[in-house]
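First to last, the protein sequences are chains A and B. The opening residue of the first sequence carries number 1 in our numbering; numbering runs sequentially from there. The opening residue of the second sequence carries number 1 in our numbering; numbering runs sequentially from there.
Calculated from the structure, these hints are not laboratory results. Treat the hints with care, since some could be wrong.
Said to hold, decoys possible - Under the rule of at most 30 angstroms between Cα atoms (straight-line distance), these lysine-lysine pairs were calculated in the DSSO-like manner:
1. A:LYS155 / B:LYS19
2. B:LYS292 / B:LYS244
3. B:LYS26 / A:LYS288
4. A:LYS121 / A:LYS76
5. A:LYS121 / A:LYS155
6. A:LYS288 / A:LYS76
7. B:LYS76 / A:LYS201
8. A:LYS155 / A:LYS92
9. A:LYS302 / A:LYS288
10. B:LYS26 / B:LYS51
11. A:LYS288 / B:LYS261
12. A:LYS288 / B:LYS76
13. B:LYS292 / B:LYS267
14. B:LYS49 / A:LYS155
15. B:LYS130 / B:LYS157
16. B:LYS51 / B:LYS76
17. B:LYS49 / B:LYS292
18. B:LYS49 / B:LYS130
19. A:LYS302 / A:LYS76
20. A:LYS76 / B:LYS51
21. A:LYS87 / A:LYS76
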Amino acid sequence: MGDEKTSGKNALAEEKKGKKEPKKPQKEPRSKKKAASKDSDGSKETDGEVEPKKEGRLSRFRFSKKKDMPGGLWLKCESCAEVIFRKELEEKGRVCPACGFHFTVPGAERVAMLLDEGTWKEDFDQLEALDRLNFQDARPYAEKLERTVQRTGQKEALICGTGQVHGRKVVLAVLDFGFMGGSMGEVVGEKVALSCEVASKQGLPLVIFTSSGGARMHEGVLSLMQMAKTCAALQAFHEGGGFSICVMTHPTTGGVTASFASVTDIVLAEPGALIGFAGPRVIATTLKQELPPGFQRAEFLKERGMIDEIVSRTDLPGTIARLIDYASGPRVSPDRPPIERRSGDRRG
Amino acid sequence: MSKAKGSNDAAGGMAFERKIDEIEAKIAELEALSLSTHLDISPELEALKAKRTEEINKTYADLTAWERVNVARHPKRPVASDYVAEVFDDFLELHGDRYFADDQAILTGFATLDDRRCMLIAHRKGRTTKERLECNFGCAHPEGYRKALRKMRLAEKLGLPIVSMINTPGAYPGIGAEERGQAMAIAENIMAMFTLRVPILVVVIGEGGSGGALGIGIGDRVLMLEHAYYSVISPEGCAAILWKDGERSPEAAEALKLTSKDLIGLKVIDQVISEPQGGAHRAPSVAMAEVKRVLSRNLEELEGIPIEQLLEARRAKYRHIGAIQGRFPSLA
Ligand SMILES: [Zn+2]
């Protein structure tokens with residue numbers, strides 16, 4: 001069970017584990033995936049523009065009987081149904097010890113997992129949602145936001161800044177599913193665009209991690225327009241020769257998949273990640289039929305040519321570093337200025 | 001995306017138009033009577049027609065967002081094929097994406113508008129049941145978006161402006177659509193449309209359903225018919241998720257701010273095209289004549305702008321949607 005309170009900002013200060021040297025991406029044993037789970041915990045399952053039914057911790061993972069495990073010590077793997085000791089899961093980088101399923105990682109923890117220790121500098125962290133529509137369903141959006149900000153200690157669903165991956169300086173943007181399902185509203189769109197612009201200005205590669213239910217419908221068509229905004233910014237970045245990587249993690253659906261996440265130069269995915277446009281439940285309801293096994297999982301997408309590679313969590317820093325090395329240095333096309341290799345002190 | 005739920009009563013009418021429908025039924029009855037009996041009942045007819053006008057004016061003076069959504073979905077509202085017949089002087093359809101299929105939900109081809117050649121891209125909803133099924137009620141598959149992109153690139157090569165007509169409940173949610181990369185196709189189109197070196201004129205003629213609309217919806221100018229709607233999610237979908245009750249669609253429609261009036265205020269669209277009193281479905285030819293006039297004027301204006309300037313403005317426009325002066329920092 002992800003608990004943002006403990007794994008939030010402090011995670012950055014935690015001792016970084018794992019090897020720092022780039023290595024070849026290893027083939028992750030393909031885990032037994034069940035077809036799209038049908039229980040009604042509510043996240044990301046509509047038609048691409050979604051938010052979790054319950055924000056917060058419980059919405060992230062599915063329990064057979066939620067009440068038996070109230071945010072508790074144990075949780076059930078949504079992929080293999082194994083009951084796991086939560087602490088063990090967290091120590092293992094939130095990868096299921098039984099089947100290797102990659103659980104959703106809180107944004108700040110993701111930053112800590114990827115970057116070299118002490119290199120992270122967050123930008124634009126004061127941007128907050130504006131609620132320009134004065135949106136209200138059962139309760140006001142403004143109230144919902146305020147509570148989410150308090151609970152997560154973050155102002156919005158996207159964290160961005162600069163840091164180093166094995167000594168290579170990058171602009172990093174991470175969507176946090178724990179903040180209203182990682183949904184994209186004006187601020188998320190703006191921060192993705194700003195990240196593109198920072199990367200462009202500083203000649204750095206852009207690395208994006210997604211986990212999102214899609215557009216944030218509380219911001220109406222303004223959230224839809226963030227798909228356009230992020231693509232415009234990314235296109236401008238690419239036109240200037242910029243290099244971008246997106247890592248799609250569990251789950252990435254809706255307007256995020258259908259915009260910036262899918263048009264980076266390289267698209268990676270974590271094993272077992274649910275990736276798609278429409279949520280599986282919407283599709284099942286529309287078609288009134290069972291979905292094929294493994295539907296919309298990372299392996300399914302790779303087979304169909306939609307992503308470049310599936311990379312396990314522990315291999316991600318190394319693979320990203322190697323990709324950056326291929327994108328750096330002199331280029332034979334003179335109209336595309338090379339991105340500079342910005343070495344940090346840890347670079348070996 | 002909830003599939004095109006046309007209207008909220010079986011007869012193809014709409015609940016809020018019931019009074020108008022009743023008067024119209026009486027008018028028809030009287031006209032039939034007058035024909036069969038040769039009685040002069042013109043005074044009665046005139047009175048009824050005046051009453052009808054009054055009722056239409058009253059009903060349409062203050063439509064709720066949900067009522068507008070229903071007008072936008074009205075089964076008699078002009079669809080792509082009507083525009084092809086009435087607005088364009090010539091149309092030469094070009095099929096297929098040359099990879100996989102010819103998605104009927106997106107119509108593409110060369111078109112002529114007042115002696116101006118252009119590329120028409122349009123969601124196709126169909127009129128008859130057979131047509132509606134063929135084109136999945138206007139819900140496109142990835143091959144539809146790829147077909148649109150192929151034709152738009154052809155337009156770019158030939159230096160023809162692009163006219164894109166939006167009318168979709170949303171992109172198709174299905175197994176095949178996901179297998180063939182629905183999200184990737186839409187994303188690719190959005191990004192590519194920022195690079196096309198010809199003017200792009202977008203007009204939302206009915207339903208502007210989310211990513212499915214945006215997939216052919218990036219333009220130098222985005223126009224919208226008065227009673228069209230444009231939204232991040234259908235009111236039904238929004239009600240089901242946020243209110244946990246599909247019956248609350250009217251409230252969701254209101255909250256989503258999806259009408260032309262809302263969107264011009266939010267600067268998401270550039271112009272509203274007025275419809276005849278009582279909606280485009282009451283006087284399709286009048287409605288389409290106005291669309292033709294506005295399209296023609298805009299195309300002429302866009303042609304006068306140097307392409308570099310157009311591209312820069314296109315990008316800047318979307319870059320700044322949602323950003324508010326002073327709240328979002330610009331890069332130092
Ligand atoms: Zn497992």
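For the pair supplied as a hint, LYS288 of chain A and LYS261 of chain B, confirm whether the alpha-carbon distance does not exceed 30 angstroms. Answer violated: LYS288 of chain A to LYS261 of chain B is near 37 angstroms, above 30 angstroms.
*Below or equal to 30 angstroms on CA atoms is what counts here, so check LYS302 of chain A against LYS76 of chain A.*
Between LYS302 of chain A and LYS76 of chain A the Cα gap is close to 26 angstroms, so the pair holds against 30 angstroms.
Holds or violated: LYS121 of chain A with LYS155 of chain A, Cα cutoff 30 angstroms?
holds (16 angstroms)
Hinted pair, alpha-carbon criterion (30 angstroms max): LYS49 of chain B, LYS292 of chain B. Please report holds or violated. Between LYS49 of chain B and LYS292 of chain B the Cα gap is close to 29 angstroms, so the pair holds against 30 angstroms.
*Agreement of LYS121 of chain A and LYS76 of chain A with the hint, judged by alpha carbon distance not exceeding 30 angstroms*: Since the Cα atoms of LYS121 of chain A and LYS76 of chain A sit roughly 35 angstroms apart, the hinted pair is violated (cutoff 30 angstroms).
Hint consistency between LYS76 of chain A and LYS51 of chain B [alpha-carbon to alpha-carbon, up to 30 angstroms] | violated (66 angstroms)
- Verify the proposed pairing of LYS51 of chain B with LYS76 of chain B, using a straight-line Cα cut of 30 angstroms. Holds. LYS51 of chain B to LYS76 of chain B sits at ~22 angstroms (cutoff 30 angstroms).
*asked:* Just to be careful, I want the Cα atoms of LYS26 of chain B and LYS288 of chain A compared with a cutoff of 30 angstroms; is the pair within it?
replied: violated (43 angstroms)
Checklist entry - Within 30 angstroms, alpha carbon to alpha carbon, are LYS26 of chain B and LYS51 of chain B? => result Roughly 11 angstroms between the alpha carbons, so the hint for LYS26 of chain B and LYS51 of chain B holds.
LYS288 of chain A and LYS76 of chain B: Cα distance at most 30 angstroms? holds (29 angstroms)
Check your understanding: Is the hinted pair LYS49 of chain B and LYS155 of chain A satisfied, with a Cα-Cα distance of at most 30 angstroms?
Key -> Violated, at roughly 58 angstroms.
- Task: Measure nothing beyond the straight line between the CA atoms of LYS155 of chain A and LYS92 of chain A; if it is 30 angstroms or shorter, mark the hint as holding.
- Result: holds (28 angstroms)
In this structure, the earlier hints numbered 1, 2, 3, 4, 7, 11, 14, 15, 18 and 20 are contradicted, and the remaining ones agree with it.
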